[in-house]
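**Q** Here are the chains, one letter per residue:
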Amino acid sequence: MPKITYIENSGKSHTIEVSNGLTIMEGAVQNNIPGIDADCGGSMACATCHVYVKEEWFDKLSKKEEGEEDMLDMAFEPNKFSRLSCQVIVSDELEGLVVNIPIKQG
Amino acid sequence: MIKTDTLIIGAGPVGLFCVHQLGIIGLKCEVVDNLDKVGGQCIELYPDKPIYDIPAVPECTGEELTKNLIEQIKPFKKNFYLGERVEELKKEKKKWIVKTNKGTVFEASSIIIAGGVGSFEPRKFPTKTAEKYEGKNVLYSIKDKKIFKDKTVSIFGGGDSALDWAIELSNTSKVVLIHRRDEFRGAQASIDKVKQLKEQNKIEIYTRYQLNSINGNNEVENIIIKHEEGEEKEIKTDYVLGFFGLIMQLGPIAEWGLNLDKKMIPVNTENFETDKEGIFAIGDICTYPGKLKLILSGFHEGALAARGSFKYAKPDEKLRFEFTTTSKVAQERLGVKK
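Chains as they are written, first to last, in our numbering: chain A, 131 to 236; chain B, 792 to 1129.
Same shape as in the complex, but just chain A (with noise of 0.2 Å):
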């Protein structure tokens, strides 16, 4: 199982196994990680399951569709590496990747 770092936005860092085919929202929730409130249950129609990307690993997630990228247009202070972590679906390739938690989702 891939391990993935959520870092919240106090800096505390959670990093945890999330079984492939998980979205990165799903192992949030799953372990109560604070931060990651996703109200619509990961239908994205709410953004409220925002999380920065690093940077380097940006290029590495699947392309956002359509959709997605209207719904971060109502996340809190969304930024160029934002993505809905409802919509990003866990992989061996995953293995090692990190997401920043915004200050708070609405």
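No wet-lab data here; the hints were simulated from the structure. Wrong hints could be hidden among the right ones.
Said to hold, decoys possible - Below are the DMTMM-like pairs computed for lysine to aspartate or glutamate, each with C-alpha atoms no more than 25 Å apart in a straight line: (1) K1017(B) - D200(A); (2) K184(A) - E1020(B); (3) K927(B) - E1012(B); (4) K1017(B) - E199(A); (5) K869(B) - E854(B); (6) K986(B) - E196(A); (7) K1084(B) - D200(A); (8) K234(A) - E1023(B); (9) K934(B) - E1010(B); (10) K989(B) - E1023(B); (11) K934(B) - E1020(B); (12) K986(B) - E199(A); (13) K915(B) - E959(B); (14) K1024(B) - E207(A); (15) K193(A) - D839(B); (16) K984(B) - E199(A); (17) K942(B) - E1025(B); (18) K893(B) - E925(B).
Using the hints provided, position chain B relative to the given structure of chain A.
**A** For chain B alone, kept in the frame of chain A given last:
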């Protein structure tokens, strides 16, 4: 004071179907929702997105589902208390007294919370200084557009609300439209119109910029916007409008003394009652082992919570289980004509 058997908080699909289930067993209800329309997340978050997992409905949009539910519950309910947020609940002599922010007061023998993830509120600017001017120069909705006449208005956002207001206000105000990326996500006709207005110098547009700070004394004097590459720009402005859609906030539900688990309300799975007698929770807001956040699960939860409400509304009667296919009483309640 409005007296009823059951008060439903939340007019999403689950709250709406619960009206039906209460009606079938002969209970009256009222429905309150903070949004100005019924449908909840289906209408607010994904009116056009297809849903594929409603039993016996292979495909429908959030809007169609809402329309069909409204049609289905017509025999029982046609009016809703919309644009009102429930603020307070308290128990008085076996009845629940519920107050909304608009001052409406209900008396009900039970309450069914079908509140989703809470109430929808506008998403606000991240900037701390925005709070200071909120409701005065910093606005998230427009009630009276006349206040903007001959003023400079800076509009943030890239969706239909931002585009529509930019177009509308450009007739009488100086409009600056600021968005975090080059693409806008509104209707193509609005995007074309905004670009045309820009060419005619009627709207200024800054893309890849976000709000950095709002400055002024009592009134807003200027804002600083920041490009994604770091460059900053000052814009003199009278008003700052933000259109970033809505976000769900648990809000006052947290103050009602209910047990909470990660913003959800634990319930039993026999009738979806909470730890408080006479208060039930159904749909996305309730939690129990095996909980699935599906609309169909919410329908089931509502059917059982409605029956759980019966003993509070009619303590001296016994509820007999009946099918709508055969029950004369249920068919009468539904207004079926033979």
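**Q** Hints first: check each against the structure and report whether it holds.
**A** These are the hints, each one checked on the structure:
1. Taking the CA atoms of K1017(B) and D200(A), the gap is near 20 Å; set against the 25 Å cutoff, the hint holds.
2. Our distance criterion of 25 Å between C-alpha atoms is met by K184(A) and E1020(B), whose separation comes to about 17 Å.
3. Simply put, K927(B) and E1012(B) have alpha-carbon atoms about 13 Å apart, close enough for the 25 Å limit, and the pair holds.
4. Restraint check for K1017(B) and E199(A): satisfied, since their Cα atoms lie roughly 19 Å apart, inside the 25 Å limit.
5. This hinted pair checks out: K869(B) and E854(B) have alpha carbons roughly 17 Å apart, not beyond 25 Å.
6. A distance of roughly 21 Å separates the Cα atoms of K986(B) and E196(A); the hinted pair therefore holds under the 25 Å criterion.
7. Of the supplied pair hints, the one linking K1084(B) and D200(A) holds, its CA atoms being roughly 24 Å apart against a limit of 25 Å.
8. Distance restraint check for K234(A) and E1023(B): the Cα-Cα separation of roughly 24 Å lies within the 25 Å cut-off, and the hinted pair is therefore satisfied.
9. Restraint check: the Cα-Cα separation between K934(B) and E1010(B) comes to about 19 Å, which is no more than 25 Å; the hinted pair holds.
10. For the hint linking K989(B) to E1023(B), the alpha-carbon distance of about 21 Å falls within 25 Å, and the restraint holds.
11. With a C-alpha separation of about 35 Å, the suggested pairing of K934(B) with E1020(B) is violated against the 25 Å cut-off.
12. A distance of roughly 20 Å separates the Cα atoms of K986(B) and E199(A); the hinted pair therefore holds under the 25 Å criterion.
13. This hinted pair checks out: K915(B) and E959(B) have alpha carbons roughly 22 Å apart, not beyond 25 Å.
14. At most 25 Å may separate the alpha-carbon atoms for a hinted pair to count; K1024(B) and E207(A) meet this at roughly 18 Å.
15. Straight-line distance between C-alpha atoms of K193(A) and D839(B) comes to about 23 Å, which keeps the hinted pair within the 25 Å bound.
16. Using a Cα cut-off of 25 Å, the hinted pair K984(B) and E199(A) holds, with the two alpha carbons roughly 22 Å apart.
17. A threshold of 25 Å between alpha carbons decides the hint, and for K942(B) with E1025(B) the separation of about 17 Å falls inside it, so the pair holds.
18. A distance of roughly 20 Å separates the Cα atoms of K893(B) and E925(B); the hinted pair therefore holds under the 25 Å criterion.
Hint compliance for this structure: hint 11 is the single one not met.
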